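**Student:** Sequence:
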Amino acid sequence: MIARIRTNIPNGLTCANLCCGCLGVIQTFQGSVQWAAYLIYLAAFFDFADGLAARWLRVQGALGKELDSLADVISFGALPGFILFQLMTQAQAGRWSYLAMLVPIFSALRLAKFNTDPRQTDSFIGVPTPANALLISGLPFAGEYLPWLLGFPALAAVAILMSWLLVAELPLLALKFKGWSWQTYKFQYILIASGMVLLFAFKFAAIPLIVLIYIGLSVIKKIAS
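So the sequence shown is numbered by the numbering used here: it starts at -5 and just counts up by one.
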C-alpha cells in the first residue's frame, strides 16, 4: 500500500496540473483572463513539483511521462491558446482571433517531439510549452504598462512567432545544474538574476520579458559556442 501511494504521488501532482488547466479554460470562457493566468502559474508549480517528486522518490516511469504530456497539452497548450483568443477578441480582431489556435496545435507538436527526441534529455530544442504559456499569460499584466501589447498586431505576432519557436531547431538553456561553475552556467545565472530583479520590479507583468530574455540568452550562447 505504501509503495503504491509513493508511486502515485508524482501522478497526483500531474493531475493537479491538469485540473488547473481545466479550471483556467473555464475562467477564459467567463472572460477572466487574469485568473486564467494565475492558474497557469499554479499549473507550472505542479509541473515542476511532479518531476521533482518522481526523481526524489525514484518512481519515474512511462505512465508518468505520458500523463505529464497530456496534462501539459491542456495547461500549457489549450489554456494559453484560449487566453490569446480572448485577448484577440477583446482587441476586435474578428475571425483573425482564430490565429490563437496555432498555440495549442504547435504545443501538441512540441510535446510529441520532446517525447520522441533523445537529444532533449538534458536540454531543450525549441521553446518549452510552459515557457510559451508563461509568456502568453503575462500579456494581460504587461498590457497595463504597454497597451500596444494587447493590440491585434502584437497578439498575432505572438501567436505566429511563438508557435514557430515551439518546434524550431533552436537549442535553449536548461535550468539543470550539475555544478556551480560560473563559466559553465553563466547564462543561467544571468537569467535567474535578471528574472528576480524584473519580478520584484514589475511582478507578473515582467514574465513575457523574462521569457524573451531566456530565448535571447539561448541564441547568444548558441552563437558564442
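Bear in mind the hints are in silico, worked out from the structure with no lab data behind them. There's no promise every hint is true.
Here are the computed lysine-lysine pairs in the BS3-like style, where the Cα-Cα straight-line distance is at most 27 Å [said to hold, decoys possible]:
id, residue 1, residue 2
1, K180, K215
2, K170, K197
3, K215, K170
4, K59, K107
5, K107, K197
6, K216, K180
7, K180, K170
8, K216, K170
9, K170, K59
10, K180, K197
11, K107, K170
12, K216, K107
Note that the coordinates shown come from a computational prediction; the quantities given were computed from them, not determined experimentally.
**Student:** Give a verdict on every hint.
**Tutor:** The hints, checked one at a time:
1. K180 x K215: At roughly 10 Å apart (the allowed maximum being 27 Å), K215 and K180 satisfy the hint.
2. K170 x K197: Holds, at about 24 Å.
3. K215 x K170: 16 Å, holds
4. K59 x K107: 13 Å, holds
5. K107 x K197: 32 Å, violated
6. K216 x K180: Roughly 13 Å between the alpha carbons, so the hint for K216 and K180 holds.
7. K180 x K170: 13 Å, holds
8. K216 x K170: Within the cut-off at roughly 17 Å; holds.
9. K170 x K59: Distance ~18 Å between K170 and K59 Cα, so the pair holds.
10. K180 x K197: Measuring from Cα to Cα gives roughly 24 Å; hence the hint holds.
11. K107 x K170: 20 Å, holds
12. K216 x K107: The hint holds at about 21 Å.
Hint compliance for this structure: hint 5 is the single one not met.
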